[in-house]
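Peer 1: As a plain string of letters, each chain reads:
There are 2 protein chains.
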Amino acid sequence: MARWEPDARGRLEHAALELYRDRGFDQTTVAEIAKRAGLAERTFFRYFADKREVLFWESALLQDHLVKALEDTPESLLPMDAVGLALQAAGPVLEARRHFAEQRQAIIAANAELQERELIKLSKLASALAEGLRRRGVDDPAATLAAEAGIAAFKVAFGRWTEEVGKRTLAEIVRASVDELKTIAGAGPSPGTR
Amino acid sequence: MARWEPDARGRLEHAALELYRDRGFDQTTVAEIAKRAGLAERTFFRYFADKREVLFWESALLQDHLVKALEDTPESLLPMDAVGLALQAAGPVLEARRHFAEQRQAIIAANAELQERELIKLSKLASALAEGLRRRGVDDPAATLAAEAGIAAFKVAFGRWTEEVGKRTLAEIVRASVDELKTIAGAGPSPGTR
Numbered sequence: 001m002a003r004w005e006p007d008a009r010g011r012l013e014h015a016a017l018e019l020y021r022d023r024g025f026d027q028t029t030v031a032e033i034a035k036r037a038g039l040a041e042r043t044f045f046r047y048f049a050d051k052r053e054v055l056f057w058e059s060a061l062l063q064d065h066l067v068k069a070l071e072d073t074p075e076s077l078l079p080m081d082a083v084g085l086a087l088q089a090a091g092p093v094l095e096a097r098r099h100f101a102e103q104r105q106a107i108i109a110a111n112a113e114l115q116e117r118e119l120i121k122l123s124k125l126a127s128a129l130a131e132g133l134r135r136r137g138v139d140d141p142a143a144t145l146a147a148e149a150g151i152a153a154f155k156v157a158f159g160r161w162t163e164e165v166g167k168r169t170l171a172e173i174v175r176a177s178v179d180e181l182k183t184i185a186g187a188g189p190s191p192g193t194r
Numbered sequence: 001m002a003r004w005e006p007d008a009r010g011r012l013e014h015a016a017l018e019l020y021r022d023r024g025f026d027q028t029t030v031a032e033i034a035k036r037a038g039l040a041e042r043t044f045f046r047y048f049a050d051k052r053e054v055l056f057w058e059s060a061l062l063q064d065h066l067v068k069a070l071e072d073t074p075e076s077l078l079p080m081d082a083v084g085l086a087l088q089a090a091g092p093v094l095e096a097r098r099h100f101a102e103q104r105q106a107i108i109a110a111n112a113e114l115q116e117r118e119l120i121k122l123s124k125l126a127s128a129l130a131e132g133l134r135r136r137g138v139d140d141p142a143a144t145l146a147a148e149a150g151i152a153a154f155k156v157a158f159g160r161w162t163e164e165v166g167k168r169t170l171a172e173i174v175r176a177s178v179d180e181l182k183t184i185a186g187a188g189p190s191p192g193t194r
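So the protein lines, in turn, are chains Z and H. Using this note's numbering, the first residue of the first sequence is number 1, and each one after it goes up by one. Using this note's numbering, the first residue of the second sequence is number 1, and each one after it goes up by one.
In short, the hints are calculated from the structure, not lab data. Since this is a predicted model, take the numbers as computed values, not measurements. The beta-carbon is built from N, C-alpha and C at its ideal position, and this holds for glycine as well. Errors might be hidden in some of the hints.
[To be verified] Some chain H residues well away from chain Z (every beta-carbon gap over 12 Å; in silico):
1. Gly24
2. Ala40
3. Thr43
4. Ala128
5. Ala142
6. Ala143
[Claimed, not checked] In silico SDA-like pairs for lysine to any residue, Cα to Cα no more than 25 Å straight-line:
7. H:Lys51 to Z:Thr169
8. Z:Lys121 to H:Glu53
9. H:Lys124 to H:Glu32
10. H:Lys121 to H:Phe25
11. H:Lys51 to Z:Ile120
12. H:Lys121 to Z:Gln63
13. Z:Lys124 to H:Thr162
14. H:Lys121 to Z:Gln115
15. H:Lys121 to Z:Ile120
16. H:Lys121 to Z:Gln105
17. Z:Lys121 to H:Leu114
18. H:Lys121 to Z:Ala142
19. H:Lys124 to Z:Ser127
20. H:Lys124 to Z:Leu114
21. Z:Lys121 to H:Ile107
22. Z:Lys121 to H:Ser127
23. Z:Lys121 to H:Leu122
24. H:Lys124 to Z:Ala106
25. Z:Lys121 to H:Pro141
26. Z:Lys124 to H:Pro141
27. Z:Lys121 to H:Tyr47
28. Z:Lys124 to H:Tyr47
29. Z:Lys124 to H:Arg117
30. Z:Lys124 to H:Ala110
31. Z:Lys121 to H:Lys124
32. Z:Lys121 to H:Gly159
33. H:Lys121 to Z:Leu39
34. Z:Lys68 to Z:Lys51
35. Z:Lys124 to H:Asp26
36. Z:Lys35 to Z:Ala110
37. H:Lys124 to Z:Pro141
Turn these sequences into a full structure, and let the hints steer you where they fit.
Peer 2: Written out as structure tokens, the structure reads:
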């Protein structure tokens with residue numbers, strides 16, 4: 001009979017991150033994670049499909065959060081600004097798990113397969129945001145461009161946030177990153193021969 | 001003794017794309033590709049490390065081309081405009097292989113693993129462009145943002161180009177895509193509470 005374990009998910013996550021960091025992701029088994037967490041292997045599989053999902057299960061929650069935040073922005077905003085606000089709204093969610101996010105980032109940076117997984121998750125976030133923009137009447141290519149560019153700004157901001165030592169909140173860095181993007185994009189058409 | 005085969009690479013590529021399209025990428029073997037091309041399996045491996053490389057070997061060439069094109073743009077340009085021009089310069093290179101590019105796109109769209117591979121290649125292109133910008137004195141985050149946003153615009157443009165039936169050149173679509181990005185980014189700071 002399954003016994004209720006207090007904060008089993010948190011304990012498994014903590015154990016997994018320590019092992020991934022110390023031994024490497026590839027060298028760590030689910031059995032070792034469960035053992036370090038003082039839990040049974042079957043308990044691990046009640047929470048995570050596999051050892052990779054310890055690092056990626058939150059993406060689906062983040063995606064829902066972003067799409068909801070986008071829906072809550074005024075329809076009068078420019079697409080890029082709406083995306084920027086939605087991404088700022090994700091800040092506090094990730095802020096609450098800063099330590100986890102930092103460790104996770106270091107583990108992913110050390111493993112090519114995990115980097116690919118991260119890219120595909122970011123690409124899905126961009127698709128979900130583009131879909132959200134289309135639902136409020138923004139046509140393509142504007143919808144896809146605003147979403148992809150916004151995710152690019154978010155990616156840069158997220159990297160800076162895990163490197164900075166708590167000087168600014170993630171929301172502040174996301175906003176600065178989107179503003180910087182707007183500045184470097186500048187105004188007016190591109191140079192080149194028409 | 002290795003016998004010279006006229007256009008062995010082209011024949012292998014053609015055979016591989018037909019098989020990937022008709023049977024699916026996962027179901028196709030190198031032996032089948034070589035057989036359809038009328039060549040020995042060892043000939044295949046003289047040109048490609050594995051069956052996936054048939055679809056991705058050109059990325060390295062494209063990357064060199066983009067970095068070189070970026071170096072050739074005037075240093076006075078804004079980072080985003082320099083990236084835009086470099087990406088436009090890649091147009092004719094891909095244009096010359098339009099049929100291949102279209103088939104390739106359809107095969108990648110049908111396979112999650114290949115999509116991940118494509119994302120990582122695009123991410124590497126962005127890193128190479130960011131590095132090119134840093135070499136000419138553009139600091140981060142501007143360098144990374146301009147490169148990532150540029151690649152986002154390129155990705156959108158590339159998709160449109162393979163869907164459109166030769167109405168515009170890829171360079172024209174890339175340029176329109178970068179301009180659209182500049183328009184949606186707008187000018188001035190983002191809304192939100194400071």
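Peer 1: Hint check: Lys124 of chain Z vs Tyr47 of chain H, CA-CA at most 25 Å. Holds or violated?
Peer 2: This hinted pair is violated, its Cα atoms lying about 33 Å apart.
Peer 1: When you check the alpha-carbon spacing of Lys121 of chain H and Gln115 of chain Z, does it fall within 25 Å?
Peer 2: Roughly 12 Å between the alpha carbons, so the hint for Lys121 of chain H and Gln115 of chain Z holds.
Peer 1: Take a quick look at whether Lys124 of chain H and Leu114 of chain Z sit within 25 Å of each other, Cα to Cα.
Peer 2: holds, 15 Å
Peer 1: Is the hinted pair Lys121 of chain H and Ala142 of chain Z satisfied, with a Cα-Cα distance of at most 25 Å?
Peer 2: holds, 24 Å
Peer 1: Given the proposed pairing of Lys121 of chain Z with Ser127 of chain H, does the C-alpha separation stay at or below 25 Å?
Peer 2: Measuring from Cα to Cα gives roughly 18 Å; hence the hint holds.
Peer 1: Quickly compare the C-alpha distance for Lys121 of chain H and Phe25 of chain H to 25 Å and report which way the hint goes.
Peer 2: holds, 18 Å
Peer 1: Are Lys124 of chain H and Ala106 of chain Z close enough, with their CA atoms no more than 25 Å apart?
Peer 2: holds, 19 Å
Peer 1: For Lys124 of chain Z and Arg117 of chain H, compute the direct alpha-carbon distance and say whether it is at most 25 Å.
Peer 2: Since the Cα atoms of Lys124 of chain Z and Arg117 of chain H sit roughly 15 Å apart, the hinted pair holds (cutoff 25 Å).
Peer 1: Could you grab the alpha-carbon distance between Lys124 of chain H and Ser127 of chain Z and see if it respects the 25 Å cut-off?
Peer 2: Holds, at about 20 Å.
Peer 1: Just to be careful, I want the Cα atoms of Lys121 of chain Z and Pro141 of chain H compared with a cutoff of 25 Å; is the pair within it?
Peer 2: Since the Cα atoms of Lys121 of chain Z and Pro141 of chain H sit roughly 22 Å apart, the hinted pair holds (cutoff 25 Å).
Peer 1: Please settle this one: Ala142 of chain H was flagged as non-interface, so is its CB more than 12 Å from every CB on chain Z?
Peer 2: violated, 5 Å
Peer 1: Is the hinted pair Lys124 of chain H and Glu32 of chain H satisfied, with a Cα-Cα distance of at most 25 Å?
Peer 2: violated, 31 Å
Violated hints for the displayed structure, listed by number in ascending order: 5, 6, 7, 9, 27, 28, 33 and 34.
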